[in-house]
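For reference, the chains in residue letters:
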Amino acid sequence: MLETSKANGQDFTGSVRLIHAVGMHARPAVKLTKLAKKFKAHISIRAGDAVDWINAKSVAKVMALRAARDSIIEIKATGEDAEAAVAALVDLVAADFPDGG
Amino acid sequence: MRADMARLAYRGRTASIGFAHGPFVRVDAPPDGEHASGTPEDEKRALRAALESAGRQIAFLANAAGGEAAQILEFQVALLDDEDFLDPAFAAIAAGAPADAAWSSVLDEQIADYNAASDEYLQARSSDLADLRDRVLRILRGGATEAPKIPNGAVVCAEDLPPSRFLEIDWSGGGGVALLRGSPTSHVALLARSRGIPMVVQLGAVAEQAHAALLDGERATLELDPNAEQVDVFERRREAHRKSRAAAHAILRRPAASWGGEKIRLLINIQRVDDLAHADAQYADGIGLMRTEFLLGEQAGLPDEETQYLAYDTVLRWAGKRPVTIRTFDAGGDKPVPGFTEDGEANPFLGMRGLRLCLARPDIFAVQLRALARVATQGNLKVMFPMVTTPDEFEAAREAFVDVVGKLQAEGTAAALPELGIMVEVPAAAMTIERFEASFFSVGSNDLAQYVTACDRTNGALSKLLDPLQPAVLELIGRTVEHGRRAGIGVSLCGEMAGDPRCIPALLSCGLRELSVNPSALAQVKQTIDRLSREGARD
Chain C
2 MLETSKANGQ DFTGSVRLIH AVGMHARPAV KLTKLAKKFK AHISIRAGDA VDWINAKSVA
62 KVMALRAARD SIIEIKATGE DAEAAVAALV DLVAADFPDG G
Chain F
4 MRADMARLAY RGRTASIGFA HGPFVRVDAP PDGEHASGTP EDEKRALRAA LESAGRQIAF
64 LANAAGGEAA QILEFQVALL DDEDFLDPAF AAIAAGAPAD AAWSSVLDEQ IADYNAASDE
124 YLQARSSDLA DLRDRVLRIL RGGATEAPKI PNGAVVCAED LPPSRFLEID WSGGGGVALL
184 RGSPTSHVAL LARSRGIPMV VQLGAVAEQA HAALLDGERA TLELDPNAEQ VDVFERRREA
244 HRKSRAAAHA ILRRPAASWG GEKIRLLINI QRVDDLAHAD AQYADGIGLM RTEFLLGEQA
304 GLPDEETQYL AYDTVLRWAG KRPVTIRTFD AGGDKPVPGF TEDGEANPFL GMRGLRLCLA
364 RPDIFAVQLR ALARVATQGN LKVMFPMVTT PDEFEAAREA FVDVVGKLQA EGTAAALPEL
424 GIMVEVPAAA MTIERFEASF FSVGSNDLAQ YVTACDRTNG ALSKLLDPLQ PAVLELIGRT
484 VEHGRRAGIG VSLCGEMAGD PRCIPALLSC GLRELSVNPS ALAQVKQTID RLSREGARD
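Keeping their order, the protein sequence lines are chains C and F. Here the first sequence stands for residues 2 to 102, where the numbers follow my numbering. Here the second sequence stands for residues 4 to 542, where the numbers follow my numbering.
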């Protein structure tokens, strides 16, 4: 369950199923925000049925998503490296937040 | 009269097994002192300074503790670096609140939110937030920044104990932790387990004062001011526990596992340098696989030569004369690295990964080879390449390595070419193994099974088909071992099956005499081989 697509002229979006056993917890959230911060693009994510997008570079906000196991994480990015950012974050979640990768 | 009274005994939940008998110390101390407030500008500056100094303290603790502790504290470090998280505190200050009040109200709100969660893991994270709140408050209020002195071997009792407070206590003389609340899934419980410090949580209300305590991590009990009989029962239970631990260690301390009269070498796989801190690692015959991908995820950008050199050097020093096999970057596949791996591959497992990617990015590869060539002069180093398909690729990698060694020596830097080998994980390599002029082979059974059975190993629905005991997988392992035996080339196996007691008989029957497993599996694997060996001798 992963896909990346170009939603309009600038936005890139992707979605991926969260397979992490305990959902979006401290370690996954730290890994996700650390990776997001490597990109210049403005990156937002949301999970499950939530309507609001939150800043993917904020560990507190990502934890507050309370994304449970098997929920779908949507990722949206704008900016010069937006496409790579979405792909990298989708990969990170799809690969279950591997160590050192 | 007191001697006849029913003793104070409490039962909680086990968070870390072990036994502690020592002085009882309560450590609940809310941050005291006053914060003298000033103008909003002063308050903003005060909070900024306090956040920075908290960041430095946490970084210091993380550095000193290393390993798991450092990973745990990473969450607090990330929060200190999260503007969205800090903004409301600065907004409250702008609206006239003093720095300490602004900070506590923002943190208290978050803590209440975490505590209200239905999920125990999330509740447990609230103690990380409370830890951060109190540390910053202590700094703002100028209270004691030093942890209160805890006597050696004490049973430390608190409502909850944040990870950073745990790390500030000297546990070298033993001791234990008794928490009124707390959780077995909290970070501090993880730390206690990794250090063998007993911990019991969720004890409810406990007497404020007592002289001595018995903490039994197995039965999850705390007894205060025990009588002679209680101490006697406790000491007997402690002794029984010590004996069973000693039995596991006795297995590890035996000089070598053997099977059918042949020595079996047991090595360990490590993901990062800190894995060497595992209590059982010291009993390994060497390091069969040191992964290097952790270097790619540490900071923004790819690791420079010096960073890599230090990591490899640390591991070689630890190993002394024992062999250390370092695997070059195995990025790609399920391990994407921004700025290194290819984006948008339809089938990343069948794409640019392992050695293929390194050969396509000679700039990045050369930096790693330089660090390895320099460290090769220090110890018993072997280097292997992942995802090799044809002998040409192996020869290209060897050429790149020889080139790097030549350049370093021309610069006047000590460098050497280590023994070079390949991971056997692509079926094409296993089927033509005799064509590779390598010094050693290491079977990567996880990927080999994935490619032989055409099953994505991240797809749980295929786990039955992916069984490493499939005859096709064993056939290729056997072929590699057989060739190694005839040609006098060492063959080891470093995949998960090496640590799986169910697979070990098949691997030994294939002729494998060298297995590399995670440090935590070492004792069980050794015990399994000993058992098989005894059964074999009886037959």
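Keep in mind the hints are simulated off the structure, nothing from the lab. From a predicted model like this one, the values you see are computed outputs, not experimental measurements. Treat the hints loosely; a few may be bogus.
Stated by the list, open to error - Derived BS3-like pairs (lysine-lysine); straight-line CA-CA distance at most 30 Å: (1) C:38 with F:47; (2) F:152 with F:266; (3) F:266 with F:246; (4) F:410 with F:467; (5) C:62 with C:35; (6) C:38 with C:62; (7) C:41 with C:62; (8) F:47 with C:41; (9) C:35 with F:410; (10) C:39 with C:62; (11) F:324 with C:62; (12) C:39 with F:266.
What the hints assert, rightly or not - A few chain F residues that don't get close to chain C, going by computed Cβ distances all over 10 Å: (13) 39; (14) 88; (15) 120; (16) 125; (17) 268; (18) 309; (19) 347; (20) 401; (21) 442; (22) 461; (23) 481; (24) 527.
What the hints assert, rightly or not - Have a look at the derived ranges for each label pair, beta carbon to beta carbon: (25) F:63 with C:20: 47 to 53 Å; (26) C:18 with F:414: 48 to 54 Å; (27) C:70 with F:354: 48 to 54 Å; (28) F:37 with C:41: 39 to 45 Å; (29) F:442 with C:41: 40 to 46 Å; (30) C:41 with F:354: 22 to 28 Å; (31) C:11 with F:508: 24 to 30 Å; (32) C:21 with F:261: 38 to 44 Å; (33) F:350 with C:11: 25 to 31 Å; (34) F:348 with C:70: 23 to 29 Å; (35) F:30 with C:70: 45 to 51 Å; (36) C:41 with F:44: 27 to 33 Å; (37) F:171 with C:70: 48 to 54 Å; (38) F:414 with C:11: 34 to 40 Å.
Don't be surprised by glycine CBs; every beta carbon is placed ideally from N, CA and C.
(request) Determine which of the earlier numbered hints do not hold for this structure and return their numbers in increasing order. (result) 2, 4, 9, 11, 12, 14, 15, 16, 19, 22, 25, 27, 31, 35, 37 and 38
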